[in-house]
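Chemist: So the chains spell out like this:
2 protein chains.
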Amino acid sequence: MTSIATNVPSALDLSHHINTRSRSRHPSPLKDILQFMAYEGMISLSGGLLSPFGNGTSMLNVEGLPHPSLFPIRQLSFTALNSSGKSGELIEIELSDKKEDQDPLAKFLQYGNCKGNDTLRNWCLDFTANILRPAYNDFEVLLHPGNTNAWSKVVALLCEEGEHILCEAVTYPSAQALWIPEGYFAAPVAMDGQGIRDDALEDVLSTWEETHPGKRRPHVLYLVSVGSNPSGVTMGAERRKKIYDLASDFIIVEDDPYFFIQFPDYEINAKTAAAMVSNEEFVTSLAPSFLHFDFQGRVIRLDSFSKTLAPGMRLGYFVANPIFIERLLRATEVETQDPSGPSQAIVLSLLEKWTMGGYLEWLQNLRLQYMRRRDCMIDAFSQHFQLVPAAKSGIPDAFGIVAFLLHSDGQGTTPIFSFVPPSGGMFIWVNFYLSKNPRFKQLQADSSIADPEDKFSGELWRQWIDAKVLLVPGWYYHPWQGEDKKSTKARAAAPETSNFRFSYSMPSEEEIQQGVKRFASVVRHSWEL
Amino acid sequence: MTSIATNVPSALDLSHHINTRSRSRHPSPLKDILQFMAYEGMISLSGGLLSPFGNGTSMLNVEGLPHPSLFPIRQLSFTALNSSGKSGELIEIELSDKKEDQDPLAKFLQYGNCKGNDTLRNWCLDFTANILRPAYNDFEVLLHPGNTNAWSKVVALLCEEGEHILCEAVTYPSAQALWIPEGYFAAPVAMDGQGIRDDALEDVLSTWEETHPGKRRPHVLYLVSVGSNPSGVTMGAERRKKIYDLASDFIIVEDDPYFFIQFPDYEINAKTAAAMVSNEEFVTSLAPSFLHFDFQGRVIRLDSFSKTLAPGMRLGYFVANPIFIERLLRATEVETQDPSGPSQAIVLSLLEKWTMGGYLEWLQNLRLQYMRRRDCMIDAFSQHFQLVPAAKSGIPDAFGIVAFLLHSDGQGTTPIFSFVPPSGGMFIWVNFYLSKNPRFKQLQADSSIADPEDKFSGELWRQWIDAKVLLVPGWYYHPWQGEDKKSTKARAAAPETSNFRFSYSMPSEEEIQQGVKRFASVVRHSWEL
Numbered sequence: 003m004t005s006i007a008t009n010v011p012s013a014l015d016l017s018h019h020i021n022t023r024s025r026s027r028h029p030s031p032l033k034d035i036l037q038f039m040a041y042e043g044m045i046s047l048s049g050g051l052l053s054p055f056g057n058g059t060s061m062l063n064v065e066g067l068p069h070p071s072l073f074p075i076r077q078l079s080f081t082a083l084n085s086s087g088k089s090g091e092l093i094e095i096e097l098s099d100k101k102e103d104q105d106p107l108a109k110f111l112q113y114g115n116c117k118g119n120d121t122l123r124n125w126c127l128d129f130t131a132n133i134l135r136p137a138y139n140d141f142e143v144l145l146h147p148g149n150t151n152a153w154s155k156v157v158a159l160l161c162e163e164g165e166h167i168l169c170e171a172v173t174y175p176s177a178q179a180l181w182i183p184e185g186y187f188a189a190p191v192a193m194d195g196q197g198i199r200d201d202a203l204e205d206v207l208s209t210w211e212e213t214h215p216g217k218r219r220p221h222v223l224y225l226v227s228v229g230s231n232p233s234g235v236t237m238g239a240e241r242r243k244k245i246y247d248l249a250s251d252f253i254i255v256e257d258d259p260y261f262f263i264q265f266p267d268y269e270i271n272a273k274t275a276a277a278m279v280s281n282e283e284f285v286t287s288l289a290p291s292f293l294h295f296d297f298q299g300r301v302i303r304l305d306s307f308s309k310t311l312a313p314g315m316r317l318g319y320f321v322a323n324p325i326f327i328e329r330l331l332r333a334t335e336v337e338t339q340d341p342s343g344p345s346q347a348i349v350l351s352l353l354e355k356w357t358m359g360g361y362l363e364w365l366q367n368l369r370l371q372y373m374r375r376r377d378c379m380i381d382a383f384s385q386h387f388q389l390v391p392a393a394k395s396g397i398p399d400a401f402g403i404v405a406f407l408l409h410s411d412g413q414g415t416t417p418i419f420s421f422v423p424p425s426g427g428m429f430i431w432v433n434f435y436l437s438k439n440p441r442f443k444q445l446q447a448d449s450s451i452a453d454p455e456d457k458f459s460g461e462l463w464r465q466w467i468d469a470k471v472l473l474v475p476g477w478y479y480h481p482w483q484g485e486d487k488k489s490t491k492a493r494a495a496a497p498e499t500s501n502f503r504f505s506y507s508m509p510s511e512e513e514i515q516q517g518v519k520r521f522a523s524v525v526r527h528s529w530e531l
Numbered sequence: 003m004t005s006i007a008t009n010v011p012s013a014l015d016l017s018h019h020i021n022t023r024s025r026s027r028h029p030s031p032l033k034d035i036l037q038f039m040a041y042e043g044m045i046s047l048s049g050g051l052l053s054p055f056g057n058g059t060s061m062l063n064v065e066g067l068p069h070p071s072l073f074p075i076r077q078l079s080f081t082a083l084n085s086s087g088k089s090g091e092l093i094e095i096e097l098s099d100k101k102e103d104q105d106p107l108a109k110f111l112q113y114g115n116c117k118g119n120d121t122l123r124n125w126c127l128d129f130t131a132n133i134l135r136p137a138y139n140d141f142e143v144l145l146h147p148g149n150t151n152a153w154s155k156v157v158a159l160l161c162e163e164g165e166h167i168l169c170e171a172v173t174y175p176s177a178q179a180l181w182i183p184e185g186y187f188a189a190p191v192a193m194d195g196q197g198i199r200d201d202a203l204e205d206v207l208s209t210w211e212e213t214h215p216g217k218r219r220p221h222v223l224y225l226v227s228v229g230s231n232p233s234g235v236t237m238g239a240e241r242r243k244k245i246y247d248l249a250s251d252f253i254i255v256e257d258d259p260y261f262f263i264q265f266p267d268y269e270i271n272a273k274t275a276a277a278m279v280s281n282e283e284f285v286t287s288l289a290p291s292f293l294h295f296d297f298q299g300r301v302i303r304l305d306s307f308s309k310t311l312a313p314g315m316r317l318g319y320f321v322a323n324p325i326f327i328e329r330l331l332r333a334t335e336v337e338t339q340d341p342s343g344p345s346q347a348i349v350l351s352l353l354e355k356w357t358m359g360g361y362l363e364w365l366q367n368l369r370l371q372y373m374r375r376r377d378c379m380i381d382a383f384s385q386h387f388q389l390v391p392a393a394k395s396g397i398p399d400a401f402g403i404v405a406f407l408l409h410s411d412g413q414g415t416t417p418i419f420s421f422v423p424p425s426g427g428m429f430i431w432v433n434f435y436l437s438k439n440p441r442f443k444q445l446q447a448d449s450s451i452a453d454p455e456d457k458f459s460g461e462l463w464r465q466w467i468d469a470k471v472l473l474v475p476g477w478y479y480h481p482w483q484g485e486d487k488k489s490t491k492a493r494a495a496a497p498e499t500s501n502f503r504f505s506y507s508m509p510s511e512e513e514i515q516q517g518v519k520r521f522a523s524v525v526r527h528s529w530e531l
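Heads up: the protein sequence lines correspond to chains A and B, in order. The opening position of the first sequence corresponds to residue 3 in this note's numbering, with each subsequent residue numbered one higher. The opening position of the second sequence corresponds to residue 3 in this note's numbering, with each subsequent residue numbered one higher.
In short, the hints are calculated from the structure, not lab data. You may find that some hints are simply not true.
Stated by the list, open to error - Just the calculated beta-carbon pair ranges, DEER-fashion: (1) A/Gly460 with B/Asp15: 26 to 34 Å; (2) A/Lys217 with B/Asp201: 31 to 39 Å; (3) A/Ala447 with B/Asp140: 45 to 53 Å; (4) A/Ile93 with B/Ser510: 35 to 43 Å; (5) B/Asp140 with A/Gln444: 45 to 53 Å; (6) B/Gly90 with A/Glu94: 20 to 28 Å; (7) B/Ser17 with A/Lys470: 35 to 43 Å.
As the list claims (entries may be wrong) - Simulated coverage check for chain A against chain B, where a stretch passes if three residues somewhere in it have a Cβ under 8 Å from a Cβ of chain B: (8) 79 to 88; (9) 143 to 150.
Predicted, not measured: the structure shown is a model, and the values here were computed from it. Cβ coordinates follow ideal geometry from the N, Cα and C atoms, glycine included.
Let the sequences and hints guide you as you build the complete structure.
Modeler: If you want it as structure tokens, here you go:
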């Protein structure tokens with residue numbers, strides 16, 4: 003029961019964004035053969051040409067199809083939490099070739115048609131239509147084996163060597179690790195507490211020819227717009243609308259594994275409300291996907307079950323316009339084929355058992371679990387620092403909350419770091435103010451040190467390690483702009499600052515409290531307060 | 003209990019074969035951080051940095067790790083045939099977090115370290131060491147999500163734009179569909195009943211500068227050396243040794259999904275022996291892998307569970323020298339990450355339950371099943387054609403068996419096609435002799451027809467379709483040498499011949515008999531006999 007809006011337009015023809023390599027992928031010439039499969043009484047001695055399942059699935063590949071009678075796996079079953087997430091309340095699900103109300107197990111064990119299982123793909127399409135409500139009507143879905151792979155396919159679809167990819171001022175390293183060897187560069191855009199700023203994006207674009215003479219204008223924006231890795235920030239509806247409207251000549255790639263892990267804002271000295279609400283209220287409370295503003299098919303959404311069910315599934319899906327999906331399918335045929343059959347079978351069976359409403363209930367509960375972890379970490383910060391809303395902190399350009407240390411003599415405070423309390427995802431991105439740090443001042447005064455911010459960060463990080471608390475250094479998330487733009491100055495990064503990433507997804511409450519205590523103790527020592 | 007031979011050398015440094023793009027992949031800078039994980043009492047607030055399992059697995063990625071308590075899947079079990087393959091004799095296997103003798107289920111549901119599960123990887127390494135017995139000692143294994151993906155990673159490892167890839171005279175289309183848009187060309191090598199001929203390979207190499215002026219010398223040979231797709235031929239030990247020795251300056255990529263589906267030769271008018279033998283005898287009977295001659299690490303083997311267990315698993319493994327494996331791992335980190343966890347869990351559990359001996363027993367039985375199917379198809383040919391060993395057929399350059407049609411007046415015979423009875427895999431590649439075909443002669447005499455072989459093949463194929471039997475046309479397997487080398491003449495293909503591929507893996511015995519009957523009837527009609 004897909005409810006694709008009928009009062010919205012179709013996608014534009016955006017094929018001019020497709021790169022030379024992707025354009026030169028040809029559909030399998032066997033496509034011509036497909037028509038003959040429907041002939042009644044046809045006997046195929048052609049091997050992998052015909053689908054072994056009479057369900058309209060046509061096999062385009064020419065692998066040798068092993069005979070399903072020779073698959074050793076005969077029945078697959080699993081036990082899962084029910085959609086309320088309460089442990090102890092388990093449901094049992096069985097897959098075999100005997101149940102008539104489901105796709106046979108052998109179907110998941112055989113080669114697929116590279117689009118992914120039809121039933122699961124349609125589930126994802128329905129879910130997208132009903133929950134994300136794209137603003138155009140002919141969006142399509144293609145399954146993929148995780149957002150890492152999805153992003154690699156999107157880069158191979160859109161980008162030409164040497165081009166710049168628009169991204170957040172601090173960006174996801176694995177996405178970059180893919181594009182650097184391919185000869186691409188980052189064009190970072192300044193952020194605030196909601197991620198990329200529309201005025202900064204406008205600025206990058208309007209000054210492009212000046213700042214990057216001879217370089218192709220960027221036509222791809224990559225971002226994690228909910229609970230961004232590493233910044234932890236989530237972009238609200240209004241900002242998205244502005245950025246979409248700016249994007250008339252570029253494609254927005256929305257890498258969105260944390261979409262459903264959005265939760266209420268953190269308030270200093272207040273317990274966050276953690277009640278389950280109606281699914282409708284839950285969905286309405288979420289910052290919308292870029293798809294919701296996309297009336298032209300300019301958004302490629304990378305969706306994943308990694309954070310909502312389990313990363314080991316290696317299963318997710320693209321949502322995009324039909325022209326892009328067709329090209330992505332061509333790449334899928336020669337690069338990965340279908341995602342794992344057992345993964346598809348398990349995810350589909352679970353979603354069908356839970357129903358769409360049950361999945362939303364599961365997601366609600368999940369986000370509350372991560373919200374409690376976030377609260378625990380910020381509460382632990384408040385045990386050691388004085389947390390003040392940025393607006394009241396007196397610190398210019400600070401977003402979110404500023405953490406001050408009370409001087410040991412009780413006389414005055416020093417601002418140490420700021421952070422945006424995440425309203426989604428798993429990360430807190432901490433921005434240190436170094437100007438009052440004695441050791442930093444010493445390094446800064448030493449003219450032989452080219453990048454005192456970088457040197458100080460390395461030292462501070464080692465001190466935490468010695469105190470047995472491990473954070474991720476901020477330099478790992480610097481956008482790659484080339485060998486000559488690595489230092490704090492060359493990157494035009496804010497001087498006298500330094501960043502580290504916290505994550506609250508894995509440690510226990512006790513570990514968070516103990517870890518933050520060690521963290522704070524090193525800070526107090528380093529700042530000599 | 004790996005039995006890696008200690009009396010064999012280590013791999014050479016073959017890093018000069020690695021292309022620019024692959025060289026510029028950097029290991030994650032977080033590698034520096036790994037050492038700190040071992041610190042006793044370390045608390046990680048760093049998210050995806052540490053392995054959640056204290057088993058030496060180090061996480062290099064910086065994904066947000068979801069907490070395993072929030073994975074809905076709690077227990078996974080499956081029923082499988084036992085290793086003797088007899089239906090009705092089923093075994094049950096359960097995976098959970100409670101069993102101490104196995105990897106916990108949650109481990110398969112979490113992000114991995116991109117190498118694949120350690121236990122499974124070691125199983126594959128042991129299996130390779132014991133069964134394939136490489137001739138060097140430091141080969142390594144890396145899991146991948148199927149040979150399609152593995153090949154795409156190997157091309158991205160070795161090839162530079164515009165270069166030629168050595169391949170069989172008829173080659174696997176999906177491998178080509180990958181390389182054509184990347185700007186690579188095929189350098190096909192003539193084949194006989196054992197695949198690529200060493201003298202033909204030597205010829206291609208020794209005349210390279212003449213035949214391809216200004217083009218880089220090929221340094222990659224791609225082949226399916228057992229039950230090749232489409233030619234169906236298997237390369238024997240002696241031929242492999244010769245080709246390996248010729249390969250001092252190139253890398254052999256052995257795409258080998260059918261390795262264990264090798265079976266005794268087909269003899270005309272004799273029932274093929276189909277008895278189970280000891281595992282040792284079975285292994286000894288197999289044409290060895292190129293690895294067995296590889297004393298320098300010049301072979302990259304692509305192994306897969308697709309044909310031996312089930313394609314839907316999307317699971318296989320590379321075997322190669324440590325330098326190549328390290329680079330392939332770098333690509334895996336940014337392109338796919340680990341193969342599916344459920345697939346890994348199921349395959350590992352099954353292999354452990356069966357044991358290595360059981361798996362070999364399974365494989366023995368499997369190959370006999372496909373052998374029976376091969377026999378059924380060739381027996382069906384013999385119902386309609388007179389099959390004569392090529393050596394006794396009087397047809398020059400024929401390999402295997404020549405099929406003659408008895409004239410309807412009983413006076414004389416006409417040779418119609420030849421084929422190499424496969425001793426492995428799933429395919430029969432049929433080579434038609436067109437010179438006696440009236441319609442072909444007519445086309446040949448018409449000077450307005452540029453490629454009579456091609457035109458005739460198209461017509462013949464349509465006639466089979468009208469008779470409701472579907473084959474794969476041979477042109478699909480022509481190596482891509484560029485837009486100007488597509489016709490029969492330009493490809494320097496044998497004139498007055500045409501090819502089609504049969505497969506016996508999927509149809510039932512009845513379908514094979516009925517399909518071959520229809521096939522033969524069209525042939526008789528077309529040859530006007």
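Chemist: Are the hints correct? Go through all of them and say.
Modeler: Hints versus structure:
Between A/Gly460 and B/Asp15 the beta carbons are some 33 Å apart, a value that agrees with the proposed interval 26 to 34 Å. Taking 31 to 39 Å as the suggested C-beta distance range, the pair A/Lys217 and B/Asp201 does not conform, at roughly 51 Å. Hint check: A/Ala447 to B/Asp140, Cβ distance near 51 Å, so the stated range 45 to 53 Å holds. Checked against the given bound of 35 to 43 Å, the beta carbons of A/Ile93 and B/Ser510, roughly 38 Å apart, stay inside it.
In this structure the supplied range 45 to 53 Å holds for B/Asp140 paired with A/Gln444, their Cβ-Cβ distance being about 48 Å. The hinted window of 20 to 28 Å between B/Gly90 and A/Glu94 holds, with their beta carbons roughly 24 Å apart. Judged by the Cβ atoms, the range 35 to 43 Å given for B/Ser17 and A/Lys470 holds: they are separated by roughly 38 Å. With 6 residues having a Cβ less than 8 Å from any Cβ of chain B, the stretch 79 to 88 of chain A passes the three-residue criterion, so the hint holds.
With 3 residues having a Cβ less than 8 Å from any Cβ of chain B, the stretch 143 to 150 of chain A passes the three-residue criterion, so the hint holds.
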